[in-house]
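> What follows is each chain in one-letter form.
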Amino acid sequence: MDQSVTNRRSFIKKMAMLSAMTAAASMFPGILFASEQEKGIPKGANLDWKKGPCRFCGVGCGILVGTENGKAVAVKGDPNSSVNKGLLCVKGYHQTMCIQSKDRLKHALVKKNGKYVETPLAEALDIVANKMKTTIAQHGKDSVAMYTSGQSTIPEGYVASKLMKGAIGTNNLDCNARLCMASAVTGFLTTFGADEPMGCYEDIDHADYFITWGNNMAEMHPVLFSRMLEQKSRRDVKIIDFATRTTRSSTASDRSILFEPQTDLAIANAICYEIIKNKWVNKSFVEKHCNFSKGITNMGYGLEDNYEFTDKPEKINFEAYKEFLKDYSPEKVSKYSKVSVMDIKYLASIYGDPNKKVVSYWCMGVNQHTRGTWMNNLIYNIHLLTGKISKPGDGPFSLTGQPSACGTAREVGTFTHKLPHGVVMNQKDRELAAKIWKVPVEKIPSKPTYHATEMFRAVDRGEIKFIWTQATNPLVSLPKTGRYRPAMEKESCFVVVSDVFPTPTSDVADVILPAAWHIEKSGLYGNSERRTQHWDKMVEAPGEATADAWMFIEVAKRMGYGDLFPYSKENHVEEIYNEYRQFHEGSKHGMAPLEVLKKESGAIWPYVEGKSTQWRFNAKYDPACSNGEAFHFYGKPDGKAVIWQRPFEDAPEKPDAEYPFWLNTGRVIEHWHTGSMTRRIPVLHQAMPNAYVEFHPDDAKALGVRNGENIKVTSRRGYCVLPASINERGLPTKGQVFVPFFDENMLINDVTLDAFCPISKEPDYKKCAVKVEKA
Amino acid sequence: MPIKSYLAHPVSGQKEELIMALRNLKQCEVVPAENQNILAVVTDTSDEKEEQILKEKIEAINSLKLLSLVSGFNTPHN
Ligand code: SF4
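Each protein sequence line maps, in turn, to chains W and B. Numbering-wise, the numbering used here comes out as the position in the first sequence, counting from 1, plus 12. Numbering-wise, the numbering used here comes out as the position in the second sequence, counting from 1, plus 44.
No lab work stands behind these hints, which were simulated from the structure alone. Any given hint could turn out to be false.
Claimed, not checked - Within a straight-line C-alpha distance of at most 27 Å, the following computed BS3-like cross-link-like pairs (lysine-lysine) qualify: (1) W:Lys369 <-> W:Lys357; (2) B:Lys93 <-> W:Lys447; (3) W:Lys25 <-> B:Lys109; (4) B:Lys101 <-> B:Lys70; (5) B:Lys59 <-> W:Lys97.
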């Protein structure tokens with residue numbers, strides 16, 4: 013056999029194996045295939061294995077990538093990574109297969125007379141820098157903006173922040189983590205005064221109960237879910253799935269409890285009501301470590317442009333809180349939540365049992381919520397009242413979606429209000445940034461500007477005249493894209509898109525910059541459990557594709573800020589990380605030195621005296637605790653966490669006579685977010701080639717809808733046509749339809765509503781009203 | 045030259061036996077799931093007849109409960 017036939021044959025065999033694995037993944041939630049992957053590698057292959065984190069989700073599995081002759085030929089789970097212990101999910105195994113996609117962006121493209129013209133990168137960067145400079149000169153520094161990603165590396169996020177806030181002097185920097193994690197951040201800050209989970213994945217090995225709140229972990233955090241299933245097979249562990257839709261996670265759980273959208277607020281309060289009524293409160297914990305507060309209610313939903321909101325916290329006492337909860341007895345809540353009194357009491361009894369360890373997991377269901385901050389607060393309330401927090405196997409755990417939503421967006425702070433340490437509103441935080449960045453402190457503005465949704469509204473209004481997006485696809489992922497697509501097409505705004513593949517967002521760009529993919533550059537990511545992971549460049553990027561951090565630096569130099577960006581092309585990742593680490597020095601957030609991260613499969617911050625801190629705020633594990641007590645919530649000035657009085661409030665738009673269905677949107681295991689990478693991986697694309705609209709069978713029957721039939725889903729914003737799916741992947745509750753958002757040919761975000769949580773400004777993709785009809 | 049992939053379900057408690065039996069067939073590649081009672085199998089044979097014989101051999105394995113086809117590919121002869 014000649015070489016090309018052999019290669020083709022071994023490729024097809026690999027594809028066949030991957031098809032089988034993908035088929036298995038659709039049958040068994042959390043199924044994993046591990047080290048046997050190596051056996052598919054050609055005999056005699058001389059592979060060089062390099063470690064790194066997975067490119068895709070926030071679980072942050074450790075991967076090993078095998079390269080031969082400069083090409084990535086195999087991926088396997090890193091057995092040394094305590095995250096995944098050698099296991100990966102289907103997306104993880106197939107990740108490098110997208111690099112070779114035929115339509116890969118290898119050269120800069122500049123729009124000239126309506127056509128994209130291949131342009132040398134240096135010239136394209138000149139155009140970007142000039143345009144930024146002239147726009148600032150003509151319209152002021154707040155006329156330029158940058159929109160980055162929870163998939164940007166730590167150095168990329170850091171350089172973006174330094175360029176926008178330190179060099180140019182505008183807070184017009186936000187990122188797509190606003191769309192997925194902002195409510196988690198404001199939840200942490202309001203309750204604990206410090207962002208990110210207190211626990212770690214090792215909690216899975218200790219918990220007796222896992223309660224998942226609106227979180228389909230079998231598809232979205234598959235490796236963690238498989239670790240939970242493994243515990244279930246070994247010991248008496250139970251998974252309770254609490255959601256608005258029956259998913260693979262529900263069927264693999266011990267109990268599935270379904271609730272009416274938005275009523276999770278009421279149920280969380282009902283659980284607290286029961287905990288207090290049955291005297292399950294951990295009194296000494298609450299007395300020593302908690303305060304009670306309430307804030308403003310009826311905040312609105314941010315539907316109008318330039319909406320602003322600032323909460324006004326007010327201290328209350330336990331008695332007032334108890335009085336407030338009287339509206340949330342299981343009997344009262346059951347009436348509108350559609351959860352039985354028995355099930356509410358059952359959930360409360362799990363949390364209330366002093367002999368059971370409980371971990372609560374949540375992600376988008378809780379965060380993408382017009383009361384997302386409140387929902388985060390309410391889950392913390394349950395854990396604080398019972399003292400089930402910051403201990404192995406006991407704790408609330410907010411999971412993250414993107415691979416570095418924590419490491420980059422939250423820790424480096426690529427939000428309008430953030431700095432690498434602290435917030436722009438705080439004088440001391442600005443002073444620290446100015447010192448490390450070597451800029452005058454007056455350069456850093458003290459007022460936040462646009463959060464993601466408002467940033468694109470400002471593009472539409474003509475206020476933002478230059479925007480640079482990086483590693484994100486807002487014209488598929490923003491809510492109400494029907495408004496923002498024409499906005500980005502307007503002459504008034506110059507659009508620069510930096511990406512690996514063409515997307516509907518790059519389709520409206522004036523300049524497209526070719527970005528290096530994950531393993532074609534060095535970098536660092538930070539995952540859900542505060543683990544920072546480093547990787548070295550493994551293969552060369554094709555053509556002129558370049559690391560985003562380096563493109564930012566090149567533009568900064570061209571704009572005259574060269575002295576602030578004195579990094580070298582070869583070592584910029586290392587140099588930037590070492591500079592960035594200075595922001596977090598100390599026992600509360602110390603980051604591991606690069607030498608450690610190069611050797612080990614990640615380290616969890618606070619990294620103190622050569623050790624990761626697995627459970628924060630617990631004096632037994634966390635050296636930053638200094639109050640002499642067992643627990644110390646040191647994020648708050650008095651060392652106490654806050655139990656918040658947060659009521660149930662309705663969603664901004666509910667089903668009515670004209671639009672009688674709830675629309676819920678989300679993800680599927682095969683695809684990573686807007687699908688720009690995974691839809692270019694043949695085996696994943698074949699497994700899930702297009703989006704669909706999922707019906708409850710009773711609704712489908714009433715409407716006479718059959719599987720596969722084209723359905724028009726219409727809201728007050730727009731419509732989308734998709735094939736019907738009945739009794740396939742998931743099962744929405746009656747009166748609800750579900751659509752995944754990965755498919756750029758079926759843009760469900762033309763239909764969604766751009767209402768957001770007034771505190772976090774995170775949009776709610778889970779609830780709006782639609783009508784459905786045969787197309 | 046067919047290449048096919050299957051999911052093989054072992055008889056309860058006999059996953060290891062099934063792995064061994066399949067690995068003894070030289071046209072088979074086997075990747076067991078870590079955490080489920082199932083194996084991904086790829087067969088690589090020179091023609092349909094050989095494929096059929098192989099399939100019969102696999103189906104005769106005592107530790108196999110169920111074999112389900114996932115995908116079939118045909119590559120040109122050399
Ligand atoms: S679970 Fe997430 S991090 Fe792990 S392999 Fe899958 S996509 Fe990658």
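> Given the proposed pairing of lysine 59 of chain B with lysine 97 of chain W, does the C-alpha separation stay at or below 27 Å?
Measuring from Cα to Cα gives roughly 21 Å; hence the hint holds.
> Verify the proposed pairing of lysine 101 of chain B with lysine 70 of chain B, using a straight-line Cα cut of 27 Å.
Given pair lysine 101 of chain B, lysine 70 of chain B holds - Cα atoms ~12 Å apart, limit 27 Å.
> Do the alpha carbons of lysine 93 of chain B and lysine 447 of chain W lie within 27 Å of each other, as the hint requires?
It is violated: about 75 Å lies between the C-alpha atoms, which goes past 27 Å.
> Do the alpha carbons of lysine 25 of chain W and lysine 109 of chain B lie within 27 Å of each other, as the hint requires?
holds, 24 Å
> CA of lysine 369 of chain W to CA of lysine 357 of chain W, is that 27 Å or under?
holds, 17 Å
When held up to the earlier numbered hints, the structure conflicts with hint 2 and nothing else.
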